[in-house]
Amino acid sequence: MRLKLVKYIVLSYCALLIVSVATFYMLPEYPEKIAAQDQRQEWSFNFESKDGWQDQFEEIHVREQWQFAAPGDRIEVTATESTPGLWVLAERADIEEVEVMEYGTMPQMADLIKSYEVELRGGQLVITPPRFYEFRLASYSRDFTEVQFFRGENPGPEYAGHSFGSLLHNHQIMLIKVPEEIDLDFDEKKIHPIVIWD
Amino acid sequence: MMYSSGNNLWTVVKKQAAYKFQSNARIFLTMLILQAIAMFFSFSGMSGSFGSSSGQFAINSSVISGSGVIAFSMFWVAIVAFMLTTERTRNSDFAFVASRLSSNLANISFLALASGLAGFTAALSGILLRNLTYFSYGVDQIIGNNFYLNPGELLTGLVATVLYMYIVSALGYLFGSLVQLFKPLVAILPGVLLGSLIMEARTGDKFVLQAVDYLIAEPSLPFFAMKALVVTALLFGLATLVTNKLEVRR
Chain H
7 MRLKLVKYIV
17 LSYCALLIVS
27 VATFYMLPEY
37 PEKIAAQDQR
47 QEWSFNFESK
57 DGWQDQFEEI
67 HVREQWQFAA
77 PGDRIEVTAT
87 ESTPGLWVLA
97 ERADIEEVEV
107 MEYGTMPQMA
117 DLIKSYEVEL
127 RGGQLVITPP
137 RFYEFRLASY
147 SRDFTEVQFF
157 RGENPGPEYA
167 GHSFGSLLHN
177 HQIMLIKVPE
187 EIDLDFDEKK
197 IHPIVIWD
Chain U
67 MMYSSGNNLW
77 TVVKKQAAYK
87 FQSNARIFLT
97 MLILQAIAMF
107 FSFSGMSGSF
117 GSSSGQFAIN
127 SSVISGSGVI
137 AFSMFWVAIV
147 AFMLTTERTR
157 NSDFAFVASR
167 LSSNLANISF
177 LALASGLAGF
187 TAALSGILLR
197 NLTYFSYGVD
207 QIIGNNFYLN
217 PGELLTGLVA
227 TVLYMYIVSA
237 LGYLFGSLVQ
247 LFKPLVAILP
257 GVLLGSLIME
267 ARTGDKFVLQ
277 AVDYLIAEPS
287 LPFFAMKALV
297 VTALLFGLAT
307 LVTNKLEVRR
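Respectively, the protein sequence lines represent chains H and U.
Position one of the first sequence corresponds to residue 7 (my numbering), numbered consecutively onward.
Position one of the second sequence corresponds to residue 67 (my numbering), numbered consecutively onward.
Just so you know, the hints here were simulated from the structure itself, not pulled from any lab data.
You may find that some hints are simply not true.
Straight-line alpha carbon distances no greater than 30 Å define the calculated DSS-like cross-link-like pairs of lysine-lysine that follow [to be verified]:
no.	chain 1	residue 1	chain 2	residue 2
1	H	K13	U	K80
2	H	K183	H	K195
3	H	K195	H	K39
4	H	K13	U	K81
5	H	K195	H	K120
6	H	K10	U	K293
7	U	K80	U	K293
8	U	K81	H	K10
These figures come from a predicted structure and were not determined experimentally.
Chain H extracted, bound-state conformation:
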């Protein structure tokens, strides 16, 4: 193959790489970093008081809210299927309507993680988990020649020094608030409340 052609191909490749460097530093935004997830179980948290429990979760945020007219003097909380990943808190409060709030603890993944659906059907508050879904993520591990001289926080090889498994510990919490006069029952085969505050 002619020397000139080889030279042009190699130079074009080098030019592509240089252009990719320029493109990289001109990207409009960069992916957010994710801190190591809290993998403690529910019994490690303190839910004794209905005030301030959110402070135990660094990035807790409300994902969805629902309000329903109070249906009578009794509500049974149930679900269409078992909800092992959902922590349920209940509270009787000085309110007139039934309020339900779904909290999440990973705002960076908020668009990827699907919410529950909640309906009040007569005397039943029915929680429907999202159908099983999967999503793809990518993470970048530094080259070993970069890691050797790295000066910042833990460079990997896995991101932030912990595995993807911790992403599964996004705590999804549902707080059910009902008027004080309403009795709450739970279908314990499908929903197990962590606490009921009176």
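Assemble chain U onto chain H, guided by the hints.
Structure of chain U alone, referenced to chain H:
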């Protein structure tokens, strides 16, 4: 009075190096192809993948890294260095009024260029991979940790990669030179190395790994550069001494 205008050493080295570059130019296309293959594997999750599920969802994730491209490039540069020591390549040097020394210096010059190019392209391929990841997955589906590389880190990685290429090329060149001196060494030396590593793993006595740690555990770039250049010079120097033992032409 008649006299001959003799070429001085560096003139001959330059001519030989230019000839080597012209006659071996196609080798650089091999480097491109190897790096493209490595990037394909890296992007497909060669560096790692993970799948897990809990409750309502499952995550399938890929860990992408440019380390594979660097490793493939190191393999390439070692092979190129070895090839330069073969009898056929050595004999082609006799087209010039050359000595073993000028031939070795020309080879070292060629390898410096090849290593520099391999290191440069391998280091920057990490950025190309990041761009490919960004535009394929979208910003929301990438874990941002380790994604952004500031220019200083990029430059450090680039320099380190080039230096590693120099070392590997020197090792390949020395290995090739020793094999030319005594052909069975092509099997003996790798066997001895593998046996040493297995023994070190079992007994805990480290010699080979300590020698490797001398370089890879160095956290300061200036010190690493000094070590790398000294090691490279020693390896090339040893190879030069070894090739002096070879017959002029077989």
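Which hint numbers doesn't this structure obey?
Structure breaks hints 3, 6.
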